[in-house]
Amino acid sequence: MAVLTEEQTMLRDMARDWASNESPVTAWRKIRDANTATGYDPAAYATMAEMGWTGVIIPEAHGGSDFGWLSLGLVIEELGKTMAASPIAASAVAASAILLGGNDAQKDAYLPRIASGELVATLAVDEGPRHDPSVITAKVEDGKLSGTKAFVAEGDSAGLFVVAATDGLYLVAAGEGVSVDRRHLVDFRSHAQMTFDGAPADKLASGGADLLEAVLDRAAVLAAAEMLGMAGQAFDTTLAYLKQRVQFGQVLATFQALQHRMANLFSDIELMRSAVEAGLSAIDRGGDTRQAASLAKAKANEVGHLMSRELIQLHGGIGMTDEYDAGFYLKRMRVLEQLWGNTAFHRERFARLSGF
Amino acid sequence: MATLAEPETGADSLEAFRAEVREWLAANFPASLKGKDNSMSAVEGPTQEAPEQAAWRKAMGEKGWGVPTWPAEYGGGGLSRAQAKVLQEEMARAGAWNPIGGMGVMMFGPTLLEYGNEAQKREHIPAIAKGEVRWCQGYSEPNAGSDLANLQTFAEDKGDHYLVNGQKTWTSGGQWAHKCFAIVRTDKTQKQGGITFLLIDMDSPGVEVKPIQMISGMSPFCETFFTNVKVPKENRVGEEGQGWTIGKRLLQHERTNLSGGGSAFRVSGPSLADIAKKYVGADDQGRVADPDLRARIAKFEMDWRAFLLTAMRVQAESKAVGGVSEVSSILKTVGTKLGQERAELMIEIQGLQGLGWEGEGFTPQEIQGVRAWLFGKATTIYGGSTEIQNNVIAKRILGMLDHQ
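Just so you know, the sequences run in chain order H and C.
In this note's numbering, each residue's number is its place in the first sequence (first place is 1) plus 5.
In this note's numbering, each residue's number is its place in the second sequence (first place is 1) plus 623.
Calculated from the structure, these hints are not laboratory results.
All C-beta atoms in this analysis are idealised placements derived from N, C-alpha and C, irrespective of residue type, glycine included.
Just to be clear, a hint being listed does not mean it is correct.
[Claimed, not checked] Reference listing, derived: stretches of chain H covered by chain C, where coverage requires no fewer than 3 residues with Cβ under 8 Å from a Cβ of chain C:
#, segment
1, 254-262
2, 268-274
3, 343-357
[As the list claims (entries may be wrong)] Heads up, incomplete: computed chain H residues facing chain C, CB under 8 Å, no partners named:
#, residue
4, V8
5, L244
6, L247
7, H265
8, A280
9, L300
10, A303
11, K304
12, F361
[As the list claims (entries may be wrong)] Taking lysine to any residue and the SDA-like style, the derived pairs with C-alpha atoms no more than 25 Å apart in a straight line are:
#, chain 1, residue 1, chain 2, residue 2
13, C, K1018, H, A262
14, C, K922, H, G292
15, C, K922, H, P134
16, C, K1018, H, I317
17, C, K922, H, M6
18, C, K901, H, Q296
19, C, K942, H, G237
20, C, K708, H, M6
21, C, K681, C, E696
22, C, K922, H, F350
23, C, K922, H, N347
24, C, K814, C, T792
25, C, K922, H, L311
26, C, K960, H, Q261
27, C, K960, H, L263
28, H, K248, C, D1025
29, C, K814, C, G768
30, C, K922, H, S359
31, C, K960, H, F260
32, C, K960, H, Q296
33, C, K922, H, T348
34, H, K248, C, T1009
35, C, K1018, H, N269
36, C, K960, H, F271
37, C, K942, H, T10
38, C, K901, H, R357
39, C, K922, H, R135
40, C, K1000, H, A262
Based on the sequences and whatever the hints tell you, model everything.
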């Protein structure tokens, strides 16, 4: 754990207490069973907004607390531990696009509403099943955007879309020229196929050519923070299980083969934590975030992937049952692994940025 | 004991100290030595020093800066941690390195400062600080490796001295050490409680050393035999039977040095990617021509970055809580594994050119790379093998129980 300020510690503890007391995995199970398109509980999201979590990276002038990305990452990590579902990450990433690339009018129009939780915003970039921002065909002509975006997170509840078009990022409000088709993935969260057909689009013009990349870095690092929470929880749950499960007259935790596997996973998760925290801190510092973001997401992908598999394997048969929670973590982890770049994508990017 | 005022470490005084260091380095570090540190020197043993190398070692030794944070009254630098960091930074900037090293510095000195009596500290610490006396470690035995407390070398109480009989192995640098810090058995009826910490002169009658040839072709380790070796009682550190406690403390220093905190993982010279471009070639976009190799280099570099970030995090956390972060326990296992991965990649990148043993057709870098690759296999075995470290992590940190 990075060395935290007093405010950060308080924020983290508040998120931890709320998630474990008010939004444990049983709460997620209810949402999952309800099988709604939005994939979260609006009342819970309103509570999160009241606690200020929707405005952590938004400046005070626009209704936020301006606590920064490491702080937001702490909240997302804690929520990830109990699978507490919300559009906080998607909205924060969309807000960051407006912060980095919007004019005053755009900031005034949207940031206070995102900070208050009244407006859910999201980022729409990819047009296929794999993250690939080099292939964008959505086009804007005469202020109207047309094109299709695949698997847009929180697309089912978003009122505002930050859409990547061939010549930059645009703000598009839900409604005229925007249609939403639910894509029901294994994680039971909101993923939508978005069709924009002559939707009024307002360009984010002041962010420069690297705006999309900077925003995607933020999206990748926040996904990694959620994965860190999930992986840490998967590890703790597995450890607790091994300490109480008896086979052959022995507690499983006494078997050296399992001890060494857990020691290795412990090491992996510590490296994952370092990479994720470094990614969040790099965003807070400003400047070039590319390598740090790719490191965070690639490491989160690798370790999250392994830990979610080991979670099932080390639990044995019970891990395979829907009655147990392990499956939630495996399924959400795999979705997050694909979002904003899989391991190969970020390795390739890291190598390119390193000049080889 | 003289007490030292805590050196001032405010920003102003640090900058003044930095200026002092720069000036001193300019006056004392020979420009001809710039960047000529040999990362394998610790295991290759003492070589004939060129006059300027000897002068550099002497200058650093007299200044006490080879052991910058040790107390000045015993020949150390007496610097604060902040000042030591400045010293390190300035040395790196000047292309200088620390010529004072070895086990006396890494492990024995800090342990003796904690557990030794005044006379022992006065006798041994200054000589270590000056790099004049080389120490070796008498710990492992043929049947006491990972199970170290099983050691059998026996020290019989003869009144004013002990009579030591037995065999040690993996004595690093035993053939060129002046002295040995050893743990020996003084009581056969109890395991850990029967162990005592002794300092043994390597030129005592009855000490015999046989270097062991390793797969790297080097002989950095020895078998050491003790036959009726007389060790005066004043060479016992701590009380009789306290050797296990002192010995374990020393191993903590060893682990710290073998992990990210020390210089053991310093990577210098060209990057793997640059080496790959040279040996494998690059495509028209400047990428390493073999995409699979390129991806694996990228994976390694990212893991390495995550490891360094973790080492930095451990330092920051330890400083913040005023103790050792429990995460530090993973640094040795992860760092040594990555070090081996890097060496394997390096060999693979170079093809057969990377497997030269000696003679014509190979550059010194290629030969050194091969020796380093082979020697590096020891890093996951010595200082507590990866398996032992994993036991420690599982039991002490994760609370996974012992077999009933």
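Each hint tested on the structure:
1. 254-262: holds (count 5)
2. 268-274: It holds, with 4 qualifying residues against the three required.
3. 343-357: This one holds; 6 residues, not fewer than the three required, reach chain C with a Cβ under 8 Å.
4. V8: At 4 Å from the nearest chain C Cβ, H/V8 passes the 8 Å test, so the hint holds.
5. L244: holds, 6 Å
6. L247: Constraint on H/L247 satisfied, holds at 7 Å.
7. H265: holds, 4 Å
8. A280: holds, 5 Å
9. L300: With a minimum Cβ separation of about 5 Å from chain C (threshold 8 Å), the hint on H/L300 holds.
10. A303: holds, 6 Å
11. K304: Since the shortest Cβ distance to chain C is 5 Å, the answer is holds.
12. F361: Interface hint status for H/F361: holds (3 Å vs cutoff 8 Å).
13. C/K1018 - H/A262: OK: C/K1018 and H/A262 at ~13 Å, within 25 Å.
14. C/K922 - H/G292: holds, 24 Å
15. C/K922 - H/P134: holds, 24 Å
16. C/K1018 - H/I317: holds, 22 Å
17. C/K922 - H/M6: holds, 23 Å
18. C/K901 - H/Q296: Distance ~24 Å between C/K901 and H/Q296 Cα, so the pair holds.
19. C/K942 - H/G237: Roughly 24 Å separates the two Cα atoms, so the pair holds.
20. C/K708 - H/M6: The given pair, whose Cα atoms are some 23 Å apart, holds under the 25 Å limit.
21. C/K681 - C/E696: holds, 18 Å
22. C/K922 - H/F350: Holds, at roughly 12 Å.
23. C/K922 - H/N347: holds, 13 Å
24. C/K814 - C/T792: Holds - the C-alpha atoms of C/T792 and C/K814 are around 19 Å apart, at most 25 Å.
25. C/K922 - H/L311: holds, 15 Å
26. C/K960 - H/Q261: holds, 20 Å
27. C/K960 - H/L263: The given pair, whose Cα atoms are some 20 Å apart, holds under the 25 Å limit.
28. H/K248 - C/D1025: holds, 11 Å
29. C/K814 - C/G768: holds, 15 Å
30. C/K922 - H/S359: Satisfied, since the Cα-Cα distance of roughly 12 Å is no more than 25 Å.
31. C/K960 - H/F260: Holds - the C-alpha atoms of H/F260 and C/K960 are around 23 Å apart, at most 25 Å.
32. C/K960 - H/Q296: holds, 23 Å
33. C/K922 - H/T348: Holds - the C-alpha atoms of H/T348 and C/K922 are around 9 Å apart, at most 25 Å.
34. H/K248 - C/T1009: Between H/K248 and C/T1009 the Cα gap is close to 23 Å, so the pair holds against 25 Å.
35. C/K1018 - H/N269: Satisfied, since the Cα-Cα distance of roughly 13 Å is no more than 25 Å.
36. C/K960 - H/F271: holds, 15 Å
37. C/K942 - H/T10: OK: C/K942 and H/T10 at ~14 Å, within 25 Å.
38. C/K901 - H/R357: Roughly 17 Å separates the two Cα atoms, so the pair holds.
39. C/K922 - H/R135: holds, 20 Å
40. C/K1000 - H/A262: holds, 22 Å
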